[in-house]
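Asker: Take a look at the letters that make up each chain.
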Amino acid sequence: NAGVTQTPKFRILKIGQSMTLQCAQDMNHNYMYWYRQDPGMGLKLIYYSVGAGITDKGEVPNGYNVSRSTTEDFPLRLELAAPSQTSVYFCASSYLQGNTEAFFGQGTRLTVV
Amino acid sequence: EDQVTQSPEALRLQEGESSSLNCSYTVSGLRGLFWYRQDPGKGPEFLFTLYSAGEEKEKERLKATLTKKESFLHITAPKPEDSATYLCAVPSGGYQKVTFGTGTKLQVIP
Numbered sequence: 001n002a003g004v005t006q007t008p009k010f011r012i013l014k015i016g017q018s019m020t021l022q023c024a025q026d027m028n029h030n031y032m033y034w035y036r037q038d039p040g041m042g043l044k045l046i047y048y049s050v051g052a053g054i055t056d057k058g059e060v061p062n063g064y065n066v067s068r069s070t071t072e073d074f075p076l077r078l079e080l081a082a083p084s085q086t087s088v089y090f091c092a093s094s095y096l097q098g099n100t101e102a103f104f105g106q107g108t109r110l111t112v113v
Numbered sequence: 001e002d003q004v005t006q007s008p009e010a011l012r013l014q015e016g017e018s019s020s021l022n023c024s025y026t027v028s029g030l031r032g033l034f035w036y037r038q039d040p041g042k043g044p045e046f047l048f049t050l051y052s053a054g055e056e057k058e059k060e061r062l063k064a065t066l067t068k069k070e071s072f073l074h075i076t077a078p079k080p081e082d083s084a085t086y087l088c089a090v091p092s093g094g095y096q097k098v099t100f101g102t103g104t105k106l107q108v109i110p
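For the protein sequence lines, the chains are A and B, in the order given.
Position one of the first sequence corresponds to residue 1 (the working numbering), numbered consecutively onward.
Position one of the second sequence corresponds to residue 1 (the working numbering), numbered consecutively onward.
Worth flagging that the hints you see were computed from the coordinates, not collected in a lab.
The structure displayed is predicted, hence computed values, not measured ones.
Do not take every clue at face value.
Unchecked claim - Chain B side only, calculated, beta carbon under 7 Å to chain A, not exhaustive:
| hint | residue |
| --- | --- |
| 1 | F46 |
| 2 | P91 |
| 3 | V98 |
| 4 | G101 |
| 5 | T102 |
| 6 | K105 |
Just so it is clear, CB atoms sit at the ideal spot from N, CA and C, and this is done for glycine as well.
All chains should be modelled from the sequences, with the hints used to inform the complete structure.
Answerer: Following this line, the structure appears as structure tokens:
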């Protein structure tokens, strides 16, 4: 049982480039989340999804987009990367709403130069 | 605005030296409080959910308690493998939104 799988683990982007962070879960969870974690700051919610086809903004959505075409996958798209998007990104999923007892992926460390 | 404050920021213990981590929160209408453990370079790992004041939960050397204003994570006779950052979080705003604290980095020295 793999849980939540994120790819890639590390990535360096140049300013203005775009990329997609992949997230997949194999637990049949309806609820999925994207967070970013910056040094000295708590995890901040970027986007979330309550099921296939349904997504909504979190606390810090600007500069990001998501889609949820299947229960398993929840990719995060960065358009026109900026240095402020340098961060560690975590995908999470949960069976219960409200991010209760969530399972997190290993994270993607992104640097924008 | 909902807030979660954890203290201390860092804690260094000798193996076997018990202590407590604090998580104080300000949220309108508490719908639960979560504790997570995060190892370096990894995602958070769920530990506990507490729902009401007076509730306690235990797992190995860890015990989480909840009052109306704060939660404590008590660590009894810690071992080096308990070294990690411990995060607390509360649901806030909409039903899918959670406010995380900045964590307490615990180091247990053999």
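Asker: A separate judgement is required for each hint: does it hold in the structure or not?
Answerer: Hint by hint, here is what the structure shows:
Interface restraint check: F46 of chain B against chain A, minimum CB-CB distance 5 Å, threshold 7 Å, status holds. A hinted interface residue such as P91 of chain B counts as satisfied when its beta carbon comes closer than 7 Å to some beta carbon of chain A; here the least separation is about 5 Å, so the hint holds. Interface restraint check for V98 of chain B: the shortest CB-CB distance to chain A comes to about 5 Å, inside 7 Å, so the restraint holds. Interface hint at G101 of chain B: satisfied, since its Cβ lies 6 Å from the closest Cβ of chain A, which is below the 7 Å cut-off.
The interface hint given for T102 of chain B holds, since its Cβ lies 5 Å from the closest Cβ of chain A, which is under the 7 Å cut-off. For K105 of chain B, the interface hint is violated, the least distance from its beta-carbon to any beta-carbon of chain A being 11 Å, above 7 Å.
Of the numbered hints stated above, the single one contradicted by the structure is hint 6.
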